[in-house]
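Those sequence lines, one after another, are chains A and B.
Numbers in this note's numbering are just positions in the first sequence, counted from 1, shifted up by 54.
Numbers in this note's numbering are just positions in the second sequence, counted from 1, shifted up by 28.
These are computed hints drawn from the structure, not numbers from a lab.
Misleading hints may appear alongside valid ones.
[Unchecked claim] Computed, partial: chain B to chain A, Cβ under 10 Å:
{"#": "1", "residue": "Tyr-59"}
{"#": "2", "residue": "Tyr-63"}
{"#": "3", "residue": "Glu-72"}
{"#": "4", "residue": "Asn-80"}
{"#": "5", "residue": "Ser-86"}
{"#": "6", "residue": "Phe-93"}
{"#": "7", "residue": "Ser-115"}
{"#": "8", "residue": "Met-117"}
{"#": "9", "residue": "Phe-119"}
{"#": "10", "residue": "Cys-120"}
{"#": "11", "residue": "Glu-127"}
{"#": "12", "residue": "Ala-128"}
{"#": "13", "residue": "Phe-129"}
{"#": "14", "residue": "Phe-130"}
{"#": "15", "residue": "Gln-132"}
{"#": "16", "residue": "Gly-133"}
Yeah, the Cβ is synthetic: ideal placement off N, Cα and C, and Gly gets one too.
What follows is the residue order along each chain.
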Amino acid sequence: DQQVKQNSPSLSVQEGRISILNCDYTNSMFDYFLWYKKYPAEGPTFLISISSIKDKNEDGRFTVFLNKSAKHLSLHIVPSQPGDSAVYFCAASPLNQAGTALIFGKGTTLSVSS
Amino acid sequence: EPEVTQTPSHQVTQMGQEVILRCVPISNHLYFYWYRQILGQKVEFLVSFYNNEISEKSEIFDDQFSVERPDGSNFTLKIRSTKLEDSAMYFCASKVNTEAFFGQGTRLTVV
């Protein structure tokens, strides 16, 4: 049972354009969401997060949007750069259970061409 | 900047052998995790550890697996009798509040 779904396994974008990565979740207990970036042969690196009390969180070129009623979140990267090429994982957990594990989606491979 | 460190970076072992994967979490973190990623598949949760005991584990984490924090700094994952399907990248993570920070991973190859 996939509680966190990233339905697009890959995305190709030109440098300078916007990249939009999508994530859906099914567990209504999730109220904290994170995006991780992963390069080959490295561990996931935390990118940005959002709690369910917000619908948007921005950090530089990265913005995460949360639509709680649709159980959907998205990561926008603008402008996209070749160095952004990596696998992006969406993850979720219940906020009020600090020790609870993050549940990851399968990831979306982003390729940014120059 | 503090980071999670894992050793070794690559471990090759024969089927049926025991392996111990080691992790040094970030020093003030309270929650510790092991995840694995089989080649081409998603990052899967194995186990979480808090206050010197397992707080949560997945179906993958069966009797062949164990975790320990023997000296207050290291956090280890032991696989007692490795199987071919245990070949994967194993990631350790730690957190103090909400964001988990991951190590670089140990690539385990069972032959």
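Structure-based check of all given hints:
The beta carbon of Tyr-59/B is positioned within 10 Å of a beta carbon in chain A (closest approach about 5 Å), and the interface hint is therefore held. Residue-level restraint check for Tyr-63/B holds (minimum Cβ-Cβ distance to chain A is 8 Å; threshold 10 Å). Taken as an interface hint, Glu-72/B checks out: its beta carbon lies about 8 Å from the nearest beta carbon of chain A, inside 10 Å. Here the hint on Asn-80/B is broken, as its CB sits about 12 Å from the closest CB of chain A, past 10 Å.
Using the Cβ-Cβ criterion of 10 Å, the hint placing Ser-86/B at the interface with chain A is satisfied: the shortest such distance is roughly 8 Å. For Phe-93/B, the interface hint is violated, since its Cβ never comes within 10 Å of a Cβ in chain A; the closest pair sits about 15 Å apart. Below 10 Å, beta-carbon pairs count as interface contacts, and Ser-115/B has none with chain A, the closest being about 15 Å; its hint is therefore violated. For Met-117/B, the shortest C-beta to C-beta distance to chain A is roughly 8 Å, which falls under 10 Å, so the interface hint holds.
A cut of 10 Å between beta carbons decides the hint on Phe-119/B: the least distance to chain A is about 5 Å, and the hint holds. Satisfaction of the interface hint for Cys-120/B is found here, the shortest Cβ-Cβ separation to chain A being roughly 8 Å, below the 10 Å cut-off. A cut of 10 Å between beta carbons decides the hint on Glu-127/B: the least distance to chain A is about 5 Å, and the hint holds. Using the Cβ-Cβ criterion of 10 Å, the hint placing Ala-128/B at the interface with chain A is satisfied: the shortest such distance is roughly 6 Å.
Annotation: Phe-129/B was flagged as interfacial toward chain A, and the flag holds, the nearest CB pair being 6 Å apart, inside 10 Å. Look at Phe-130/B: its Cβ gets to within about 4 Å of chain A, closer than 10 Å, so that hint holds up. The interface hint given for Gln-132/B holds, since its Cβ lies 5 Å from the closest Cβ of chain A, which is under the 10 Å cut-off. At a threshold of 10 Å, the smallest CB-CB gap from Gly-133/B to chain A is about 5 Å, leaving the interface hint in force.
Of the numbered hints stated above, those contradicted by the structure are hints 4, 6, 7, listed in ascending order.
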